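J.: The listed protein sequences correspond, in order, to chains A and B.
Per my numbering: the first sequence = residues 1 to 248.
Per my numbering: the second sequence = residues 1 to 381.
None of these hints come from the bench; they were simulated from the model.
Mixed in with the good hints, there may be bad ones.
Stated by the list, open to error - Distance condition first, Cα-Cα at most 30 Å in a straight line; then the derived DSSO-like pairs of lysine-lysine:
id	chain 1	residue 1	chain 2	residue 2
1	A	Lys225	B	Lys272
2	A	Lys231	A	Lys187
3	A	Lys187	B	Lys106
4	B	Lys332	A	Lys193
5	B	Lys140	B	Lys179
6	A	Lys32	B	Lys332
All figures in this text were calculated on a predicted structure; none of them were measured in a lab.
The residues making up each chain are set out below.
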Amino acid sequence: MKILVGVKRVIDFNVRVQVKSDGSGVVKDGVKMSMNPFDEIAVEEALRIKEAGNAEEVIVATIGPKACQEQLRTALAMGADRAIHVQTDEEVQPLTGARIFKALADKEQPKIILLGKQAIDDDNNQTAQMLGALSHWPQATFASEVKIEGETATVIREVDAGLETLSVDLPAVISVDLRLNEPRYVKLPDIMKAKRKPLETMSIEDLGVEHVAEVKVLKTVAPAKRQAGIKVDSVAELVTALKEKGLI
Amino acid sequence: MNSIYFNEEHTMLRDQIRRFIEQRVMPVAEPWEEAGSVPREILQEMGELGFLGIRYSAEYGGSEMDALGSVILAEELGRSTFGGFAVTVLVHTDMASPHLDNFGNKAQLDKYMPDIISGKKIVGVAVTEPDVGSDVAAMKTRAVKDGDHYVLNGSKMFITNGVHGDLFFVAAKTDTSVKPSRGITIFAIEKGTPGFTVGRKLDKMGWLSSDTAELVFDNCRVPAENILGEENKGFYSIMRNFQNERMVLGAQSMGEASKALELTMDYVTTRKAFGGVLFDKQVIRQRLASLASQVEAGRQLVYHAAWLDAQGLDCIKEVSMVKAYCGELVNKVMYDCLQFHGGFGYIRESAIERMYRDARIQSIGGGATEVMLEEVSKRMI
Ligand SMILES: Cc1cc2nc3c(=O)[nH]c(=O)nc-3n(C[C@H](O)[C@H](O)[C@H](O)COP(=O)(O)OP(=O)(O)OC[C@H]3O[C@@H](n4cnc5c(N)ncnc54)[C@H](O)[C@@H]3O)c2cc1C
Ligand SMILES: Cc1cc2nc3c(=O)[nH]c(=O)nc-3n(C[C@H](O)[C@H](O)[C@H](O)COP(=O)(O)OP(=O)(O)OC[C@H]3O[C@@H](n4cnc5c(N)ncnc54)[C@H](O)[C@@H]3O)c2cc1C
Chain A
1 MKILVGVKRV IDFNVRVQVK SDGSGVVKDG VKMSMNPFDE IAVEEALRIK EAGNAEEVIV
61 ATIGPKACQE QLRTALAMGA DRAIHVQTDE EVQPLTGARI FKALADKEQP KIILLGKQAI
121 DDDNNQTAQM LGALSHWPQA TFASEVKIEG ETATVIREVD AGLETLSVDL PAVISVDLRL
181 NEPRYVKLPD IMKAKRKPLE TMSIEDLGVE HVAEVKVLKT VAPAKRQAGI KVDSVAELVT
241 ALKEKGLI
Chain B
1 MNSIYFNEEH TMLRDQIRRF IEQRVMPVAE PWEEAGSVPR EILQEMGELG FLGIRYSAEY
61 GGSEMDALGS VILAEELGRS TFGGFAVTVL VHTDMASPHL DNFGNKAQLD KYMPDIISGK
121 KIVGVAVTEP DVGSDVAAMK TRAVKDGDHY VLNGSKMFIT NGVHGDLFFV AAKTDTSVKP
181 SRGITIFAIE KGTPGFTVGR KLDKMGWLSS DTAELVFDNC RVPAENILGE ENKGFYSIMR
241 NFQNERMVLG AQSMGEASKA LELTMDYVTT RKAFGGVLFD KQVIRQRLAS LASQVEAGRQ
301 LVYHAAWLDA QGLDCIKEVS MVKAYCGELV NKVMYDCLQF HGGFGYIRES AIERMYRDAR
361 IQSIGGGATE VMLEEVSKRM I
């Protein structure tokens, strides 16, 4: 059984993101880039499934410019067996991303596709769901626990009301949440070995996918500064204050 | 980090060490300061991750990276805000064990290297004596040949990892009839060898989680096979190893300085005073910007020296500059960073208070600034 894992290059979560002065996006030059933290958890989970004897191969894939290979190397150093780089310098929106993963799935025939529930750059939270729909595979999103038994996956997912347990037939798409696992530290000898693992490069066209951007970003602005709050002494005062502001 | 010096492996190594230190060290290291030592489990965990064998042969579990790997380790350790923890590791990886790596024979490497790289055995280096520091050649500890053994007498001062370490590379005089620099030999001596004791544990101003001791040799018999490298060539081994030691101390200093500036930026951009935040004061902004520029320059000099080393080029002048410049700069940075923390900077619970104390040794240990500048000046004429 193969597992395909999505890995996205994003601005490191420690960076204080700055909006460009002309509003055309955020500053990425000279900024530290890393693997999307949710994807790191997805890679970790795939490795654990493999180490438990429930899969033979972990394939990591990314879509983006040449520099994304750094994140693939990190995933290989963590323990993935091989990597696929779908190279493009264009912005890739969720639907195109999902179509590309569908094409990769047709090619590689994995039993599980593990994706982050969202990427911390655009926070779209769409790719896994779209991929599930496009491939007509069952989907289990926001996984906080994954158990594989034969041809089924039991997934505990975090929902507003608490925890929900799903049983899905494989092949399936699973998107992972923060509490699923704690990704391992990568050992230096494994970092040194990562370079020798296979990394295949292809274009979006090679996969027969058309690159489309349905959503157009008009302008990027920084969120407004939060105003200082006020303290009230009683519920009555609170209700009055809320009414004055037209909030209730 | 965009840099001409670092490749993908370097960057990954830096990411892993930084994460390890932020998660496994910084939240729990406060008690190590009180205990006066770093728990062995942490060192072994670092060993398992390959952080203790960055440069060493893969045959023994190392990763065969170049000098820039050591610089990354030192910088990231410096960023931990616990200088004592940082130096515990760095003495093991980059100040003591290079003696074995550079000059050990096959049998010695086979015997010790795997345990050093895995963190099972912690090592130290013993050169300084109560009466002799900068003037290495003048050391007094004697090793007299007796059959197939040597008998050591004397004591070694300020030895890092001295209390808890397992194995020491000890310099002693084996020939007093020649020029002082021509009669020194290095011995590998294990804790527990009869005649070798820890004289006393020393109380320090900073580096509190690092154990520092006086080591005493009283008719300590050491087999001749424990000699590292050639007999009477020890002075040159020490001088060679000083290069790496000074480079990593410079890197550690710049890691410490960078972290101090970040902590201070957090403080002055949130601390309210005079109708704004402290950072609104031009004098504060300007001073921090000036220090940040100097730290960046220091860091690039460290990288350059490490790069020269990685190319196999002579870099004694550059390394001496690194040690002199970075050792002084980190003190200047700590002084101002503590100043901008106001009264809080003087209180034990602030990291900057500890970092200020930890920094003081950087212009003395491993080569005092004045001694380093002498080395630079010799190469200027
Ligand atoms: C916490 C700590 C840990 C240490 N760990 C180790 C260790 O693990 N192993 C080890 O062998 N040593 C260790 N040392 C010793 C350290 O390397 C020495 O302290 C250092 O080399 C300076 O030697 P000294 O203290 O004898 O000072 P001295 O040589 O007595 O010099 C005193 C001062 O005189 C000045 N000076 C000296 N020579 C000159 C000169 N030629 N020209 C101008 N000015 C000069 C300098 O300002 C210097 O600071 C450690 C020291 C400390 C404090
Ligand atoms: C051991 C100790 C004992 C003390 N005892 C007493 C006591 O008995 N009674 C008492 O009332 N207080 C006491 N204090 C408080 C002491 O007086 C204050 O720490 C001091 O006034 C600085 O204020 P702060 O700590 O709030 O620093 P902040 O006002 O926050 O200033 C922080 C730093 O910013 C810089 N800075 C501040 N303002 C400016 C400016 N306008 N322009 C440029 N730079 C600026 C300075 O470098 C300053 O050090 C004590 C403090 C300590 C540490």
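J.: Next, verify each hint and record whether it holds.
T.: Cross-check of the supplied hints:
1. A/Lys225 with B/Lys272: holds (17 Å)
2. A/Lys231 with A/Lys187: violated (51 Å)
3. A/Lys187 with B/Lys106: holds (26 Å)
4. B/Lys332 with A/Lys193: Violated, because 41 Å separates the two Cα atoms, which is more than 30 Å.
5. B/Lys140 with B/Lys179: Holds: B/Lys140 and B/Lys179 sit about 13 Å apart, inside 30 Å.
6. A/Lys32 with B/Lys332: holds (28 Å)
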